[in-house]
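Visitor: Based on the provided sequences and hints, a complete structural model is requested.
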Amino acid sequence: MPDAAPSLVLDSVGAGYGALQVLWGVSLVVTAGEVVSLIGPNGAGKTTVIKAILGLVPVREGAIRFKGERIDGRAPEEIVQRGVAVVPEGARVFPEMTVVDNLRMGALVPRARARETASMAEVFAMFPRLAERKLQLGRTLSGGERQMLAIGRALMARPELLLLDEPSLGLQPSLVCSIIDAIRGINERGLSVLLIEQNVHFSLPISHRAYVLEEGRVVMEDAGAALLENPHVRVSYLGV
Amino acid sequence: MTFLADLIQTLINGILQGGVYAAAAVGLSLIFGVSGILNAAHGELVMLGAFATYWLSTLYRIDPLLTLPISFGLLFVLGYALQYFVLNRTLGRPLLLSLLVTFGISLVLLNVALRLWSADYRLLRIPYLERSLVVGPLILPLARVVACVVGIGMVAALSWLLASTRLGRMIRATAQDLEMARMVGVNPRTVYAVTFGLGAGVSGVAGSLVALYAPVEPNMGLMWGGLTLGVAQALTETYLEAGLSLLVAFALLYLILRFMPAGIMGKGRLE
Ligand SMILES: Nc1ncnc2c1ncn2[C@@H]1O[C@H](COP(=O)(O)OP(=O)(O)OP(=O)(O)O)[C@@H](O)[C@H]1O
Ligand SMILES: [Mg+2]
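If you read the protein sequences in the order shown, they are chains V and S. Quick note: to get my numbering, add 1039 to the position in the first sequence (first position is 1). Quick note: to get my numbering, add 3 to the position in the second sequence (first position is 1).
Accuracy of the hints is not assured; some may be wrong.
A few chain V residues that face chain S, going by a derived Cβ cut-off under 8 Å, partial list only [to be verified]: (1) Leu1093; (2) Val1096; (3) Pro1127; (4) Glu1128; (5) Met1136; (6) Met1144; (7) Gly1145; (8) Val1272; (9) Tyr1276; (10) Leu1277.
Beta-carbon label-pair distances, calculated as ranges [to be verified]: (11) S:Leu99 x V:Ala1164: 42 to 52 Å; (12) S:Ile11 x V:Arg1168: 54 to 64 Å; (13) S:Glu182 x V:Val1139: 50 to 60 Å.
Keep in mind the hints are simulated off the structure, nothing from the lab. For every residue, glycine included, the Cβ atom is placed at its ideal position computed from N, Cα and C.
Guide: Below you can see the structure in the form of structure tokens.
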């Protein structure tokens, strides 16, 4: 069960691109040990939330705290060193690098360097398909393998908080299931997780809580299982 | 007969020069591939390396071959500082700006060199390299053979660094996906500075290698800057898969700036 300390706190965050404001007063909490889902229609601003957390888009209003410290206004490379890792939208494995080198890049942050070898063994144990493709270049991997590699790369950083942006995009249902299982397993080892996932019937059951984001605003928040029963969510995200 | 012999000798010298070209070009291509900067001061870095070797061995009696690592170190520091304090300010701006800034740097370096050392030609005397290897009818000047071998060795060393070290992975990751590199903790400003330092250091050593067999003078940078562009283009493709059409466009711009500073029609004015 999650313990009480907040890992990540977004407090009335406003953010956007140039003149375009995308997020309006977004408040959101991930307590240590929780899986929290963020769902919403295309263009709602889910990816922008992750970019704001990572310092890739400027936060104009409000504050973002990680383990009690302000991280808004910091550079991405500084934020990830504090223990945040990301599986970005589209996986973004380094295309001209081998699987092994991609994983090594994940262990770049000082907190992870000494444990690189052990971490890599754990990743290969979790995703045996990657172990079979150690020297294959990132760009030659299949979509599912790329997502596995991106998750592995994020775990190499030994993070405390894992941000996942549609890790199952474009994958067949059986693979979606195994990615979701992997995320559950990762959380059971103590990592906090913020998960963006379109397949809500897979993701909400493993989520302690979930937020619904629409047009840049949080419009609903509830326990994962409860949201799955919510009529609005069922109509909008499950099509029933 | 002497015409044929001369021709063959010229060809041999050209082939041996290839190793030095490779060394001179690899720095230019590394910087372009990683930071997207077409370094118009590239030739001047080669020139400074040549002068480093010339003066270190003339004034301090250091063996010319031992000056190579010193030349690398000096140019590394210069390149690192130029990127860190000057060129990093052009990040996220149009590429043309970095071209203009490096063009300005090249003018400064050239004029400082002219002030300090005049436009005189200076040739190092290195007795132990003045011999030639004779292979059948071919005469291989030892100084050029050494320069070629060291040049190729340096390109190999740089390739190894990029392929097999943590620093190399950081550089390649930055070149392939800047934002993702930052999301795993790469500080791009440092990577760009180190990259420019490496590129400058390697270019400096290329200049040092030239100084082993050819005269040194401040204007040599003009030729080396232009000459290495073609080789750099091929290298960039091999090493970093960067957008080459862009490099061609910038190459033209570079040549125009260097050789027709008053503009293509000769109507503009510099100074
Ligand atoms: N780099 C950008 N520059 C300008 N506008 C952007 C940029 N990225 C996203 N936007 C805009 O911000 C809004 C939110 O985009 P965002 O990517 O956060 O949505 P999302 O919820 O992740 O959508 P999806 O489910 O399709 O991934 C959209 O209207 C989008 O057009
Ligand atoms: Mg998105």
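Visitor: Give a verdict on every hint.
Guide: Hints and how they fare:
1. Leu1093: Cβ of Leu1093 (chain V) sits 6 Å from chain S, so the hint holds.
2. Val1096: With a closest approach of 11 Å, the Val1096 (chain V) hint is violated.
3. Pro1127: Check passed: Cβ of Pro1127 (chain V) comes within 6 Å of chain S, closer than 8 Å.
4. Glu1128: violated, 11 Å
5. Met1136: At about 6 Å, which falls below the 8 Å cut-off, the nearest Cβ of chain S leaves the hint on Met1136 (chain V) intact, so it holds.
6. Met1144: Interface hint status for Met1144 (chain V): holds (5 Å vs cutoff 8 Å).
7. Gly1145: holds, 6 Å
8. Val1272: violated, 30 Å
9. Tyr1276: violated, 27 Å
10. Leu1277: This hint is violated: Leu1277 (chain V) lies away from chain S, its Cβ roughly 31 Å from the closest one there, beyond 8 Å.
11. S:Leu99 x V:Ala1164: 42 to 52 Å: About 50 Å separates the Cβ atoms of Leu99 (chain S) and Ala1164 (chain V), which means 42 to 52 Å holds.
12. S:Ile11 x V:Arg1168: 54 to 64 Å: Given about 57 Å between the Cβ atoms, the range holds.
13. S:Glu182 x V:Val1139: 50 to 60 Å: violated, 22 Å
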